[in-house]
Amino acid sequence: MKPAPFAHVRPATVAEVVEALAAGADLDGGAKMLAGGQSLVPLLAMRLAAPSLLVDLNALPSLRGVAADGPDAVRIGALTRHADLLVQPYSVSGADLVAPGATGGALRNENGLTGPGAGAGDMPLLAEAARWIGHTAIRARGTFGGSLAHADPNAEWPAVALACDAELAVAGPSAERTVTAHRFFHGLLQTDLADDELLTSVRLARPRAWAFTELARRHGDFALVLCVVTELDAGWRVVLGGVAGTPVRCPSAEALLDAGERHPAAIAAAVAAAPEAEAFSDLHASAAYRRAMAAELAARALRDLRPGPGAAPVLGTEHVSSAALDPQNRAVTPPSPSASPERAGTLAVTLNVNGRHRAAACEPRHTLADVLREQLGLTGTHLGCEQGVCGACTVLIDGEPVRSCLTFAVQAEGAAITTIEGLAGPDGALHPVQDAFSRCHGLQCGYCTPGFVLTAVHLLATEPAPTRPVIREALSGNLCRCTGYTGIVDAVESAAGSMGGGGAG
Amino acid sequence: MTGPATAPSAGTSDGVGASPRRKEDRRLLTGNGRFVSDLQLPRMRHVAFLRSPWAHARIAGIDASALDPHEHPVFTAESPGFDVSLRALSALPGYVTTDQPPLARGTARFAGEAVAAVVADDRYQAEDALERIEIEWEPLPVTVRAWTDEALAADGTGVGRSPAPEPVPAPVHPEAPDNQLLSRTFEAGDVDGALAGSAAVVRRSLTTNRHGGNPMEGRAGVALYTDDGHLTFWSGSQVPHLVRNLLAEILDMPESRVRVIAPDVGGGFGVKAVLYPEDLALCLMARSLPGTPLKWVEDRAEHLTAACAARDHHYELTAGFSADGRLTAVAADAWCNVGAYSVYPWTAGIEALMAGGLLTGPYKVEHYRCTVRGITTNTTPAGPYRGVARPATVYAMEALLDSGARALGLDPVDVRRVNLIGPDDVPYRLPTRLVDDTGHYGECLEAAADRLDLAGLRAEQARRRREGGRPIGIGIACYNELTGLGRAASAGPRMPFRTGHEACTVRVNPDGRVLVLSGVTSQGQGWETTAAQIVADAMGVALDDVEVRYGDTDQVLWGFGAFSSRQAVIAGGAAHLAARAVREAALRLAAELYEANVDDLRLEGGRVYVAGSPEPVGSLADVARVAYLESNRLPAGFEPGLDATRFYDPVMGAFAAGVQLAAIEIDPATGELTILRWVCVEDAGRAINPQIVHGQVAGSIAQGIGGALYEHLVYDDDGNLRTGTLLDYLMPTSAEIPEMDIGHIERPADNPLGVRGVGEGGTLGPAAVLAGAVADAVGIDVDELPITPDRLWLALQAATTDGTSR
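Chains as they are written, first to last, in numbering that gives the first Met the number 0: chain A, 0 to 504; chain B, 0 to 805.
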């Protein structure tokens, strides 16, 4: 499972992206945009997609962030990571996203603390939805805009966008245009975007009330069915995901809500009867089940309606971006990838791994995992699926857990990479997490272990004293086939204790 | 055979009975593991396999002319040397022997079968090259299911007399026109008479779901053939000596020129106890390219489509009960889907014969008849997977007992109590002539019920039924894990070899430290540590002074490897015997050197003590130095050196008792099932390393839960695998697996260490427990696995509509 060859270009401006897309359109395999890569790279690895050119959007920092856009809306940059939306108030400023003259602006002041008036743009619905997306490593890389552009109907953001009357800003060869969410989603993995257009930012109306409910087979899986209910100035929205090729609204249920009906059973009945809830069957659920669950989730949403920001005490706690907490506790500058010209064939790449600069010769298609293993001899990073599911290949990039099978080595230039080989002290002393894994029998065959250890190191850096359920949730992006997880959870709990429940070693 | 509840503890803090840190941990925790996929050798090139997109198709032509044969050598069934096959042999009457070629020859029999292989400088380029090979296919009719609706409805089905299958239009192998590769009827007593005289007769019809081991490391191999005629094969194998033996035979090479090395292996679970066609192909390719190491690492897509799966079975079952709940007879027909090939060397009988041989589990049954069939289909071959068939048969047996209890209005736990083999019954001869040597099932059951707080949960269940609230249910599984099979009960169906024994060499080096060369292997079971504990104890040396090696056929005399929960019993026995022999030799020499009576000497912590004196008179290092370096001091009649090799064969084997109980809660609105509590109590004999035993039980329960609730290899009617990624093949994560309460009663078995195997037992319970718990909660019989929210919700809807819910 290795991608076919492609050329890689990393433009620094939206105009350069559009230019690259236009140039790529003439190539045999066309061009594809690479944002977080969490859906695209598995398709490349399986060779279900084989573009000639990959246009890497990760050097467009101006597209990452969240900002208030007027009093009743937020604007989210297309490259905002899922994790950025998980914790509010937002730590990523999207000041650049909002046109000059618009009210609102950055949600954080310079020192990263919530200042007077900050948080006015918060939107707890986004944090709740983000919580359901994949796992820590997926949320660290996957992007808001990438999810919308991929248009998986079982994903969270498309439904949220539809429920918040999203307006999507699209850049292309001609002037930037805006398209509503209603018109953006055409069908399964089909959108209104032309081959030479990219999503730049999305404006979401902030609901006065909202609820988000979802059913998935396992924690972090794509939804079997999900339901988003919002009350906007323009009226109520009831949106279902996972029943059709796109997220769908349920006008009959919305009309009832607009008319003042709040009884969950009444809304559920409307959803159950709605033609929009005509569902499909697949491996994981039948159409009948999906339709019934859409109704059930709508009822639960009604029972779980929450007020929008301002009323709920979601603000006031100081949160620090997890990116700022790497295991070494060093101050971290956010990755600032620079633009690169189109590169193909074998390239000279320098990677900063475990504090050393290492030179490698690789093609753009070579994953970070393969370059670490095959070229740098760092074979502690293991490949278990090359689909971004098992977590065996997890490494830390600037302190964040990342799937190295879904990251190309060329993307990791300039970042600080920590692999399992870099965790023990210079004297060979095991990191407290490594030590606890041994003490608590948190490993058997040891193949998944490096990914678990690094994920746990990140967890304890962001949450020094997690409970067992929190540990279980945080590690659920990593598969272990030997231990039944008991010893692993014991180990992380024990490491938290031995690390004093505060600050990573 | 009954011993004290806790085995006598060893004299040392890290010997048998203690849980010292594992010797393998440090390298695995620091990224210094040595997995096959990590291996890099000079001149190494990489292999990728082109796999059939069709489940059944004739190969009309293969065109690789677009590739430069020097840059990208391509191999097919027509390549020189590839006219050999894997032929899994069995002396079972009626068994049909079939060929499995290293690369599909003429016909591809399952989607994912390797058809061609290509060599390149890295895996990326190898996969590029695959795209330039063209194959012309002629599709054939496809068989996916191992049973037909007609067979399930036929006279005699369900009481062990199902008729033989009819010939099919496009059989998978011409040798088997009806696709049946084997059938066997187990029969004891008078089933028909016993059923006729029963107070209640219940029938169940159950289907289990195909799933597989999916170790986190896929299969992997590096083959190097040097032009002096030596083959070295690094393989993530559970059975390196078997692989050497089989490769030498098939390649017609002296065994002394074939070396198989299994280094660190990232999980096995049975899946890697097989010699695969890819392994053979890799070695054949290496022989064609002398001096070039060839590496193949299986990716997850390949694993899901081409590595052995298991548990694709159907059971038609009948059981009779007396009015007090005693089983009067059990009768069954079973169909096991063996996939497209008879897996080498275990044969297509591996699951079917285990199913028929152990269906009755730990329950006393005198009258028994069961016909099992192994049916070949156009799906991935079925093979050994942790628990082999018994997760399905325990599910079947417990379903019968639950149905019987319900029919008679008895408490389901009471029905187990009256039927379990007890301490007074052992040795108990099962109706299939296997001998159960434990009998501690009842004790496990009572302990598990206490730990679960069964009485409290029953009260809560009744309260919810009365007052409303989500229904809760309790499920039960009692099982006997057949472990450490000796020659009389040896694993596998009458194959041309018997896996009852293991060799172990214990060597004292000149510095007095100990090297152990063990025949079994380890894929996470911690054998490096437990073998050292056994030897340290038996010798009287410190754990740190014992080094354990395994997995290299050039280092170790002989071993069958790791499967059937046999390491502790058989290899542990061999290690113990070898260590005692070396200890005796060392003390005999010490007696001469220190002029003491040998009976007065003892070895402790590597030092030699004379009875009555607190100070040591010498050390093992002193003795070893004489044995190796100072022959002038060797007494007459003493050979230099200090080592011993011993084989051990337990002849019968040791049953491990186990009981699992769980409480679940069901959300009727969504069909979601939440595990509230999970309890397991096992008698695994004396625990060498309790922490490792605990880990084996927890890990195997988790795999069992995966198989019961999540994991399913689904084929469409054309034989395409629809769950070919880990986004669709769902393995449970830490968020799905519950906290487990695992208890141990340690009843020593009748072998040198008093141990029983523990690797598989945990997998045996969960399907039965969860299915039983659903029935207990909402009155719906679970007849098909896995239990998914969709299926459960649909069943609840149907029950509400029909009013059939109890």
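Hints listed in this document are in silico derivations from the structure and should not be mistaken for laboratory results.
Treat the hints loosely; a few may be bogus.
Said to hold, decoys possible - Facing chain A, from chain B, some residues (calculated, C-beta under 7 Å):
{"#": "1", "residue": "29"}
{"#": "2", "residue": "41"}
{"#": "3", "residue": "43"}
{"#": "4", "residue": "214"}
{"#": "5", "residue": "672"}
{"#": "6", "residue": "700"}
{"#": "7", "residue": "727"}
Quantities reported herein were computed from a predicted structural model and do not represent experimental measurements.
All residues carry an ideal CB built from backbone N, CA and C; glycine is no exception.
Now the hints, each set against the structure:
Given the 7 Å rule on beta carbons, the hint for residue 29(B) holds: about 5 Å separates it from the nearest Cβ of chain A. This hint is violated: residue 41(B) has a C-beta 14 Å from the nearest C-beta of chain A, more than the 7 Å allowed. With its C-beta approaching chain A no nearer than about 10 Å, residue 43(B) sits outside the 7 Å limit, and its interface hint is violated. Taken as an interface hint, residue 214(B) checks out: its beta carbon lies about 6 Å from the nearest beta carbon of chain A, inside 7 Å.
The interface hint given for residue 672(B) is broken, as the beta carbon of that residue sits about 12 Å from the closest beta carbon of chain A, more than 7 Å. Taking 7 Å as the C-beta cut-off, the interface hint given for residue 700(B) holds, the closest approach to chain A being about 6 Å. Taking 7 Å as the C-beta cut-off, the interface hint given for residue 727(B) holds, the closest approach to chain A being about 6 Å.
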